[in-house]
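K.L.:
Sequence:
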Amino acid sequence: MYKYLLSLISILFILSACRLNISDDDAKESQRVKYVSLGSSFAAGPGVKDVADNSPDNCWQSDQNYARKLSQRLNLHLIDGSCIGAKLSDIASPISIYSQMENIQSDKGLVTLLAGGNDLGYLARLMTASCENLVKQGKVHKTIPCLEMPKFPSIADYENTEYHLNIITNAIKEKAPKAVIVLIDYATVLPSTSLCALTPMDEKYAIESNYIKEQIEDILERVSVRNSTLLIKASRITENHNVCSEKPWIRAYDSADWSMLTLPYHPKYEYMLSISDALESVLQPYFYNIM
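Numbering follows this note's numbering, in which position 250 of the sequence shown is assigned residue number 259; successive positions increment by one, without gaps.
A few of these clues could be false.
[To be verified] Okay, derived cross-link-like pairs now, DMTMM-like style, lysine to aspartate or glutamate, Cα gap no bigger than 20 Å in a straight line:
| no. | residue 1 | residue 2 |
| --- | --- | --- |
| 1 | Lys242 | Asp227 |
| 2 | Lys117 | Glu183 |
| 3 | Lys213 | Glu157 |
[Said to hold, decoys possible] Derived Cβ-Cβ restraints for the label pairs, each shown as a range:
| no. | residue 1 | residue 2 | range |
| --- | --- | --- | --- |
| 4 | Glu255 | Ile176 | 37 to 45 Å |
| 5 | Pro154 | Lys182 | 36 to 44 Å |
| 6 | Val291 | Phe161 | 28 to 36 Å |
Bear in mind the hints are in silico, worked out from the structure with no lab data behind them. The model shown is predicted, which means the values in this text are computed figures rather than measured ones. Where is the CB? At the ideal position from N, CA and C, for every residue including glycine.
With the hints as extra help, turn the sequences into a complete structure.
P.N.:
Quick look at the structure:
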């Protein structure tokens, strides 16, 4: 009987210690800064290293995208809402930026947003223009269809994109009034001058695409100023690393037979590393606010 009581006391002591450890772990987890990453494919990072184990289906989040790299460095509690194809204006879609905002559950922390290009057909136009040109040259097998060419954005399209970015940024501020909000613009994909063999499209589409990119940059800058957010200008960080540069951080259009792991005109690992560096640098003065 005495041995039985000693054994029982020992078991209870061990269980109590386990509960204390779990509680300590939970407490430490709750104290970590919450970071919610919102965005489309340039945030998700399809084809950069491996697909993250907890990536939502068909979102193709990389385990080395800038949000995950930053979280690893700073020990942040990351909720990655980014997804390829995400739009600002497609409110009903489960992958829209509006839907991604449901991941914001804390009134403080960090929120990053990279979006707008899909609403204006920015990358889809680049990919379709390259595919159609290869078809003309007889370099694409007829069984591989090109994407449908999105229309060139109208003034109303740009205004609508800016409207939704303002609405979404303001909504983030309302949900997380103590959070640090960082907007990120798009990487520079094409050179500003002549194209190269890695960008098989008519010059017309290159000029149009660069114009769309410049409009997105201007929109994001206005939205950032209006809503008092931080802004990472990825366009400037990557301007010497476009797809035709000596050290490109953007994947070339090698073939029309691409997959989500070889998605053309999308960032490489070096881009993700540079954006995580830029985020870490710009956040230094704000660490005490988001902790």
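K.L.:
The structure should be examined with respect to each hint, and the outcome stated for every one.
P.N.:
Here is how each hint holds up against the structure:
no. : hint                        : result
1   : Lys242 / Asp227             : 11 Å, holds
2   : Lys117 / Glu183             : 11 Å, holds
3   : Lys213 / Glu157             : 17 Å, holds
4   : Glu255 / Ile176: 37 to 45 Å : 41 Å, holds
5   : Pro154 / Lys182: 36 to 44 Å : 42 Å, holds
6   : Val291 / Phe161: 28 to 36 Å : 33 Å, holds
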